[in-house]
Amino acid sequence: MRMQVLAAMLAGVLCIAAAADPADRLADPAQEARARALFADVRCLVCQNESIDDSEAELAGDLRRVVREQVKAGRSDAEIKRFLTDRYGEFVLMTPAFSWINLALWGGPFLVVVLGAGLLATRLRSGDGEVELSQEEAERVRRLSESDPA
Amino acid sequence: MIAEIGSFALVLGLAFAIAQVVLSVSARLRRSVVLAAAGEGAALASFAGVAIAFACLIHAFVTSDFSVANVAANSHTEKPMLYKVAGAWGSHEGSILLWCFILTGYGAAAATLGRGLPRGLKALMVSVQGALGSVFLAYTVFASNPLLRIAAPPVEGRSLNPLLQDPALAIHPPFLYSGYVGMSVVFSLAVAALIEGRVDAAWARWVRPWALAAWSFLTVGITLGAFWAYYELGWGGWWFWDPVENASFMPWLMATALLHSAIVTEKRGALSAWSLFLAIGAFTFSMLGAFLVRSGVLTSVHAFAVDPKRGVLLLMILGITAGSAFALFAWRAPKLSPGGVFAPVSRESALVLNNILLAAATATVMLGTLFPLIREALTGEAISVGPPYFNLTFAPLMAALAILLPAGPLLAWKRGDVRGVGQRLWVAALAALACGLLTLALVNPMKALGALGVTIGAWLVMGAGVELIERTRALRAPVAESLRRLTGLPRGAWGMTLAHLGLGVFVLGACVELGWKGEAAEALPLGGSLDVAGYHLVLETVGPREGPNFEAERASIRVSKDGKPVCVAEPDRRFYPTGGQTISGISLCYRGASHLYVVLGERRKAANGAPVWLIRAYWNPFASLIFIGPVIMALGGLTSLSDRRMRLGVARRRKEQPA
Chain A
-10 MRMQVLAAML
0 AGVLCIAAAA
10 DPADRLADPA
20 QEARARALFA
30 DVRCLVCQNE
40 SIDDSEAELA
50 GDLRRVVREQ
60 VKAGRSDAEI
70 KRFLTDRYGE
80 FVLMTPAFSW
90 INLALWGGPF
100 LVVVLGAGLL
110 ATRLRSGDGE
120 VELSQEEAER
130 VRRLSESDPA
Chain B
-10 MIAEIGSFAL
0 VLGLAFAIAQ
10 VVLSVSARLR
20 RSVVLAAAGE
30 GAALASFAGV
40 AIAFACLIHA
50 FVTSDFSVAN
60 VAANSHTEKP
70 MLYKVAGAWG
80 SHEGSILLWC
90 FILTGYGAAA
100 ATLGRGLPRG
110 LKALMVSVQG
120 ALGSVFLAYT
130 VFASNPLLRI
140 AAPPVEGRSL
150 NPLLQDPALA
160 IHPPFLYSGY
170 VGMSVVFSLA
180 VAALIEGRVD
190 AAWARWVRPW
200 ALAAWSFLTV
210 GITLGAFWAY
220 YELGWGGWWF
230 WDPVENASFM
240 PWLMATALLH
250 SAIVTEKRGA
260 LSAWSLFLAI
270 GAFTFSMLGA
280 FLVRSGVLTS
290 VHAFAVDPKR
300 GVLLLMILGI
310 TAGSAFALFA
320 WRAPKLSPGG
330 VFAPVSRESA
340 LVLNNILLAA
350 ATATVMLGTL
360 FPLIREALTG
370 EAISVGPPYF
380 NLTFAPLMAA
390 LAILLPAGPL
400 LAWKRGDVRG
410 VGQRLWVAAL
420 AALACGLLTL
430 ALVNPMKALG
440 ALGVTIGAWL
450 VMGAGVELIE
460 RTRALRAPVA
470 ESLRRLTGLP
480 RGAWGMTLAH
490 LGLGVFVLGA
500 CVELGWKGEA
510 AEALPLGGSL
520 DVAGYHLVLE
530 TVGPREGPNF
540 EAERASIRVS
550 KDGKPVCVAE
560 PDRRFYPTGG
570 QTISGISLCY
580 RGASHLYVVL
590 GERRKAANGA
600 PVWLIRAYWN
610 PFASLIFIGP
620 VIMALGGLTS
630 LSDRRMRLGV
640 ARRRKEQPA
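In the order they appear, the protein sequences are chains A and B.
Residue numbers for the first sequence, in the numbering used here: -10 to 139.
Residue numbers for the second sequence, in the numbering used here: -10 to 648.
Just so you know, the hints here were simulated from the structure itself, not pulled from any lab data.
Quick look at which bits of chain A chain B covers, simulated, 3 or more residues with Cβ under 8 Å:
| hint | region |
| --- | --- |
| 1 | 28 to 38 |
| 2 | 72 to 85 |
| 3 | 88 to 98 |
| 4 | 106 to 114 |
The beta-carbon is built from N, C-alpha and C at its ideal position, and this holds for glycine as well.
Throw the hints in and build the complete structure from the sequences for me.
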């Protein structure tokens, strides 16, 4: 079942995650931390589903170099991300953009919550006035909760 | 010869599955007990046929019969026995046969165990199960038979990907599939109930054990996969929001929602349509997962041999089975009785909220998995939906669910008492908050989100404790009385408490691990050292190691803390000559629930020409809890399953014929 992805992940394992490779690290720890945070949001374009922080593919190494150089040159996170999307499209960022075209993606879960809450509210309103247990129901609930209070 | 017997048995299994449908449907139409029994017999025979075929495939793998194409492609004579056997389900064809084996197995179990069911409902359930068996077996026989021979057998096989040669992963597919396919019984029961037009408390009660069993298996299966990823992939990640992981997570979320909604249907006769919807949805997501992973739509950038023809066939199976079930649902469900009414604050409302949040969480995972495909198909632009999306959508939904959870079991049916629940929970709430604040104040570095996670995890664990205290009247009644109540608690109640406790344990582990993970990497010469989270690691020796089917370089790294020796980590780096792959064998040093995770990387040359090794070390605090939590949850499921009430028809039979 997972085989294809597993095989795809293999690329990342051949040489263990080199994002932390001491040979490439920036001298300034604060800058290095910023670069690492950015890596997690940049996709290794030729990999299955990995960020360049995890991937050992050659392209991931190139992208890491680009990002580190730009961090070192003092460019902001937004500038670096814009630079990457201008080159590689939205695909390169792991976080999808908050745009109209992605409305269904970002709004979908919210819509389910609203719809569900609406349905619950109508259900509750339609049942107004008879929320007291009838004697027979009370007896049934008592019986059931004795046999299993789950 | 054995492979041919297997193929023959497989076709026989298909024939019996078709007979199962025909016999059971006519049994329902003619209300015939004899035909119903014949249908059940066919279900057993179908299982027997597939079991023989599966045994033949395993035999071919064990004996390294490379004249069978599937064995030649996925096995090797030098592979350890466990992985030879596991190779039987390591490929597309083999895993589909495993799927059929489990599917017909569940069919046979449902036919044998479901004695308490009304005859009509049972005959329909057996026939729907037979129909599912027929389509998947037909697919296996005609499009994906793993027992086919090749004309020119190779001398040696191509072996299984070494990453998959791991005990956790060897048993991962059987557990996962037992979960996926277990939902088929739930699906069949739902379709049968829709045809009969009657869904009541009894139906919910019959669905529950199957849903519980499947859910428990799926929980273990997913956890095994996560644990495998954790220690095999070499960077300590355990969940990547990868489409394939998501494919297994969606049925789990649906099944979790079903387990809760079925309680309302059983106890109060309400939400029956919704429970049916979830029952159909859970298996639909299982099939969607099977399709997504095998069709190539998710892995299109990769050159893995995925036959698009098979993808289309699987999509057709998914469309026909799920499509007809949902069409039936749309037709029959509106006629179902809405069931009992309840107040805004009640156990019912709490369970509905649980379902709304779980449904939204499922929608999140589904959108995150499928939206990129849809958008690419519509606009031609590709986008990525990675972990940041799920952190922003899934995590808040789950946090809301976790915050509400401890109140649910304390609420009364129909009309709950907010003040009463508050009185029981305020101590736990304060204690959880104190845990969070202490974490914020004492743990260095300070992490607000991590502390929030600790608060929620502690809240869940203590909520489970309060639940137990309430049930046993501990602290209020005399000790003897509480003990009597404790031993008298039904297993179903223990199961729920355990499952909720397990969730809390998992949340604690996941949040602490994500919040305070430490990492260090250095290229070390012999005698060199690096530090991570207060631990001092010294590379002492690097030497060769012989494995059964690999050659390895093994490092010996002495770990100490504050000058006191802690452990010796021995990570290795394995080379598998058959496939030419290199894999890191990590070393875990257990420190309570936390792990020191050490990886040996490539050998390099330092500036002075001496060899250096890239060593990476991670400090993964509370990482054990991430895997122990779900195991507690699955144990909760099994405990609940062992409740007397769950034994389908068994209790009734005992009464009828006392031994």
